[in-house]
Amino acid sequence: MKIIVNGEEKQVEEGASLIDLVSALDLKPERVAVEVNRRIIRRADWASTTLAEGDKVEIVHFVGGGAR
Amino acid sequence: MTDSLFIAGREFRSRLILGSGKYESFDLMVKSLEAAETEMVTVAVRRVNITDRSKESLLDYIDTKKYHILPNTAGCYTADEAIRTAMLAREVLDNNWIKLEVIGDERTLFPDNQGLLEATRALVKEGFIVLPYLNDDLIVARRLIDAGAAAVMPLAAPIGSGLGIQNFTNLRILREQITEVPLIVDAGVGTASDATLAMELGVDGVLMNTGIAGARDPIAMAEAMKHAVRAGRLAYRAGRIQKKLYASASSPIEGLSK
Numbered sequence: 001m002k003i004i005v006n007g008e009e010k011q012v013e014e015g016a017s018l019i020d021l022v023s024a025l026d027l028k029p030e031r032v033a034v035e036v037n038r039r040i041i042r043r044a045d046w047a048s049t050t051l052a053e054g055d056k057v058e059i060v061h062f063v064g065g066g067a068r
Numbered sequence: 069m070t071d072s073l074f075i076a077g078r079e080f081r082s083r084l085i086l087g088s089g090k091y092e093s094f095d096l097m098v099k100s101l102e103a104a105e106t107e108m109v110t111v112a113v114r115r116v117n118i119t120d121r122s123k124e125s126l127l128d129y130i131d132t133k134k135y136h137i138l139p140n141t142a143g144c145y146t147a148d149e150a151i152r153t154a155m156l157a158r159e160v161l162d163n164n165w166i167k168l169e170v171i172g173d174e175r176t177l178f179p180d181n182q183g184l185l186e187a188t189r190a191l192v193k194e195g196f197i198v199l200p201y202l203n204d205d206l207i208v209a210r211r212l213i214d215a216g217a218a219a220v221m222p223l224a225a226p227i228g229s230g231l232g233i234q235n236f237t238n239l240r241i242l243r244e245q246i247t248e249v250p251l252i253v254d255a256g257v258g259t260a261s262d263a264t265l266a267m268e269l270g271v272d273g274v275l276m277n278t279g280i281a282g283a284r285d286p287i288a289m290a291e292a293m294k295h296a297v298r299a300g301r302l303a304y305r306a307g308r309i310q311k312k313l314y315a316s317a318s319s320p321i322e323g324l325s326k
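Protein sequence lines correspond, in order, to chains A and B. Quick note on my numbering: the first sequence kicks off at 1 and runs consecutively. Quick note on my numbering: the second sequence kicks off at 69 and runs consecutively.
Each hint should be verified, as a subset may be incorrect.
[To be verified] Across the chosen pairs, the derived CB separations fall in these ranges: (1) T50(A) with E102(B): 22 to 28 Å; (2) E8(A) with D128(B): 34 to 40 Å; (3) R175(B) with E14(A): 45 to 51 Å; (4) N235(B) with G54(A): 47 to 53 Å.
[Said to hold, decoys possible] Just a sample of chain B residues kept apart from chain A, beta carbon distances all over 10 Å, derived: (5) M97; (6) N164; (7) F178; (8) R240; (9) I246; (10) G258; (11) E268.
These aren't lab readings, by the way, just hints derived from the structure by calculation. As the structure is a prediction and not an experimental result, all values here were calculated from the model. Glycine residues also receive a C-beta, built at the ideal position from the N, C-alpha and C atoms.
Make a model of the complete structure from these sequences and hints.
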């Protein structure tokens, strides 16, 4: 099924969880924060959060920046 | 003698806060942080690049046991965007501190007072330690403190401009009037003397990024800033002499050989 991750289309398996997505993207869980359809999902809930067709996922991390 | 800075009950021995942007490499950033002997580093929140995973993560380089991470809402133009960014930032390290920026204008990066107040109120209610970036405006500073800000961080000059303190009068008034929370100069510092002048005015700390990251030798400038902030702080505490128009001899007048 298709979902949108950070504005880009991404194919994931039917019934994939958020933790499946994070590991498929090769991201370190403790380095990122995730929103699904504009709702923040806490790290502890990633495994129990099943993705659905068309879900909009935002994955952010920290980058260099100060007073911009 | 310890002369620590306390923000929301947390102790910082260094009064210099650094940004982590604009460095040519993570390595240069880390060495600059070390040279500055800072204890707090501000970081931005951005989308992970999911197509190019080659880029390393900032947190792989910053030792979070050594440096307190201060996520920021740089690049946010509305209270809602800033609130959303703060909420996301909190999840990354389970850290409720936020350097709040709500920008009102792209060219100047001046803050939007109304958005800043709205976001401060909302985030304080959510349990955040809010450190807002604001204009050198006493009234806005007071409203932000009323809204629960843990510090107020007025600009010395536009972000990244390196112009140094543009309005000494406003900063001096802020220093006299703001006693409830720390007063930190955020943005506009171009070189070491700018930081010293700010500290000599009695501000509690200085936050900078471009002044160091943009210097020809960032590590050397970071060290200069460390000394500048300390020198300014010591001079402020020491109490400067009054300025006089005429000379006043330092050597005894009596006992001259004739």
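Verification of the supplied hints:
In this structure the supplied range 22 to 28 Å is violated for T50(A) paired with E102(B), their Cβ-Cβ distance being about 44 Å. Between E8(A) and D128(B) the beta carbon distance is about 24 Å. The supplied range of 34 to 40 Å is therefore violated. Look at R175(B) against E14(A): about 48 Å separates their beta carbons, and that is inside 45 to 51 Å. Look at N235(B) against G54(A): about 51 Å separates their beta carbons, and that is inside 47 to 53 Å.
Residue placement check: M97(B) does not keep its beta carbon more than 10 Å from all beta carbons of chain A (closest about 6 Å). Every Cβ of chain A is farther than 10 Å from the Cβ of N164(B); the closest lies at roughly 13 Å, confirming the non-interface assignment. The non-interface label for F178(B) is consistent with chain A: the shortest C-beta to C-beta separation is roughly 12 Å, beyond 10 Å. Non-interface call for R240(B) relative to chain A: holds, since the shortest CB-CB distance, roughly 22 Å, exceeds 10 Å.
No Cβ of chain A comes within 10 Å of the Cβ of I246(B); the nearest lies about 20 Å off, and the non-interface call holds. With a minimum CB-CB distance of about 12 Å to chain A, G258(B) clears the 10 Å threshold, and the non-interface call stands. The non-interface label for E268(B) is consistent with chain A: the shortest C-beta to C-beta separation is roughly 21 Å, beyond 10 Å.
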